[in-house]
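Chains A and B, in that order, give the protein sequences.
For the first sequence, position 172 matches number 172 in this note's numbering, and the numbering has no gaps at all.
For the second sequence, position 36 matches number 302 in this note's numbering, and the numbering has no gaps at all.
Hints may be right or wrong, so weigh each one.
[As the list claims (entries may be wrong)] The list that follows gives simulated cross-link-like pairs (lysine to any residue, SDA-like), each with its CA atoms no further than 20 Å apart:
1) K20(A) - Q289(B)
2) K308(B) - E60(A)
3) K285(B) - N17(A)
4) K285(B) - Q12(A)
5) K298(B) - T62(A)
6) K305(B) - Q12(A)
7) K285(B) - V58(A)
8) K308(B) - V58(A)
9) K213(A) - L293(B)
10) K64(A) - K318(B)
11) K285(B) - S296(B)
[What the hints assert, rightly or not] Some but not every residue of chain B turned toward chain A, in silico, with C-beta under 10 Å:
12) N269
13) I276
14) T306
Note that these hints are calculated values from the structure, not bench results.
Since the structure is predicted, the reported quantities are computational estimates derived from the model, not experimental observations.
For each residue, glycine too, the CB sits at the ideal point set by N, CA and C.
Listed below, chain by chain, are the residues.
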Amino acid sequence: MKTLVVASLQLQTLGMNGSKLDFYFKNAHSKGARLIVFGEYVLNHFYKELANMPISMVREQTDKHLALLKSLAKLYDMTIVAPIVLCKKNRYVKVIAKITSKQIAYYEQQILISYPHWDEQNFFANDIKPLKSPMIFSVDGFRVMIMAGFELHFPKLWEYVREKKVDLVVLPTSSTFGSHNRWREIIKTQAFLYGCYVLRANRLGEYSDKDIKWRFYGDSMLVNPDGEVEMMLEDKESMLIEEIDKKSIQEHRKVWQFEKALQLRQ
Amino acid sequence: MKNETFEDKIANAKSIIEKLMRQDIPLEESVKLYEDGLKTIKEAQDMLELAKAKITIIEQDSIKAKE
Numbered sequence: 001m002k003t004l005v006v007a008s009l010q011l012q013t014l015g016m017n018g019s020k021l022d023f024y025f026k027n028a029h030s031k032g033a034r035l036i037v038f039g040e041y042v043l044n045h046f047y048k049e050l051a052n053m054p055i056s057m058v059r060e061q062t063d064k065h066l067a068l069l070k071s072l073a074k075l076y077d078m079t080i081v082a083p084i085v086l087c088k089k090n091r092y093v094k095v096i097a098k099i100t101s102k103q104i105a106y107y108e109q110q111i112l113i114s115y116p117h118w119d120e121q122n123f124f125a126n127d128i129k130p131l132k133s134p135m136i137f138s139v140d141g142f143r144v145m146i147m148a149g150f151e152l153h154f155p156k157l158w159e160y161v162r163e164k165k166v167d168l169v170v171l172p173t174s175s176t177f178g179s180h181n182r183w184r185e186i187i188k189t190q191a192f193l194y195g196c197y198v199l200r201a202n203r204l205g206e207y208s209d210k211d212i213k214w215r216f217y218g219d220s221m222l223v224n225p226d227g228e229v230e231m232m233l234e235d236k237e238s239m240l241i242e243e244i245d246k247k248s249i250q251e252h253r254k255v256w257q258f259e260k261a262l263q264l265r266q
Numbered sequence: 267m268k269n270e271t272f273e274d275k276i277a278n279a280k281s282i283i284e285k286l287m288r289q290d291i292p293l294e295e296s297v298k299l300y301e302d303g304l305k306t307i308k309e310a311q312d313m314l315e316l317a318k319a320k321i322t323i324i325e326q327d328s329i330k331a332k333e
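Let's have the full structure, built from the sequences with the hints guiding it.
Shown next as structure tokens:
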């Protein structure tokens, strides 16, 4: 039965220096990893910090990291999923890059956070338009879908998991404050309801906003189609490497028959 | 104060880049270093352009002298 080794890299913002990445990639490669996912705001600074940086510096940061990741993808023959900030016409666009040795493709985040204390929608220039399928691609016969952290809350996007028979959802996040349990429970529930693996990479680090400290707490995890946490990192810099298998996905579909129940009623 | 040479400016830019590469550097400081770095590189580029222009003039003068 088919298996795939996947990795989730839990880091704080790298700033201008990505030299430590080679250590992690070498390690992941030695354990057979074929896919590696980064948290949000690891390659670039947190969006509130971007507001205080010259756009040319952000562009340089982005270009430098993309070039480095492309070379690592080639060197270690891996697919990399990494959120990144693109600069277009003096505005920023929040995207997730899928990087292989051959090309870089971008998934533009469709739904951004829009609250008074955390307003990415207003800050970024991402288009607001009807939802479409997130980026889906294959790695060694596994169908992988990219979902930006906040998009986890929207069932319409999860429907594509069922429709396109996705095996693994990769979920880069920047969760903070005391939301640990809520995120864990939502991820476990969605993995079970849609019969797929979910691989989350949550960033680390702190951001001070007046009197409030935003602490990004890690908790990167792999959840299986039965909604069980297979592996979870704590709140320190580290990397999760785990194997996923087709058998668990197929057994879940066979046993629970959620899809069949829906098909009968179409 | 002694004027900085082209070599001084390159050494200064290198030192700024090294500092920028530190991961523990506060954002405010890294932005300041980045701006200082851009300014230093621009000044070094200007010096280089000026030197190139002087060489071109000397070469032209030398051709004219031969003629």
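Hints and how they fare:
no.	hint	in the structure
1	K20(A) - Q289(B)	holds, 10 Å
2	K308(B) - E60(A)	holds, 16 Å
3	K285(B) - N17(A)	holds, 10 Å
4	K285(B) - Q12(A)	holds, 18 Å
5	K298(B) - T62(A)	holds, 19 Å
6	K305(B) - Q12(A)	violated, 29 Å
7	K285(B) - V58(A)	holds, 17 Å
8	K308(B) - V58(A)	holds, 19 Å
9	K213(A) - L293(B)	holds, 16 Å
10	K64(A) - K318(B)	violated, 30 Å
11	K285(B) - S296(B)	holds, 8 Å
12	N269	violated, 27 Å
13	I276	violated, 19 Å
14	T306	violated, 15 Å
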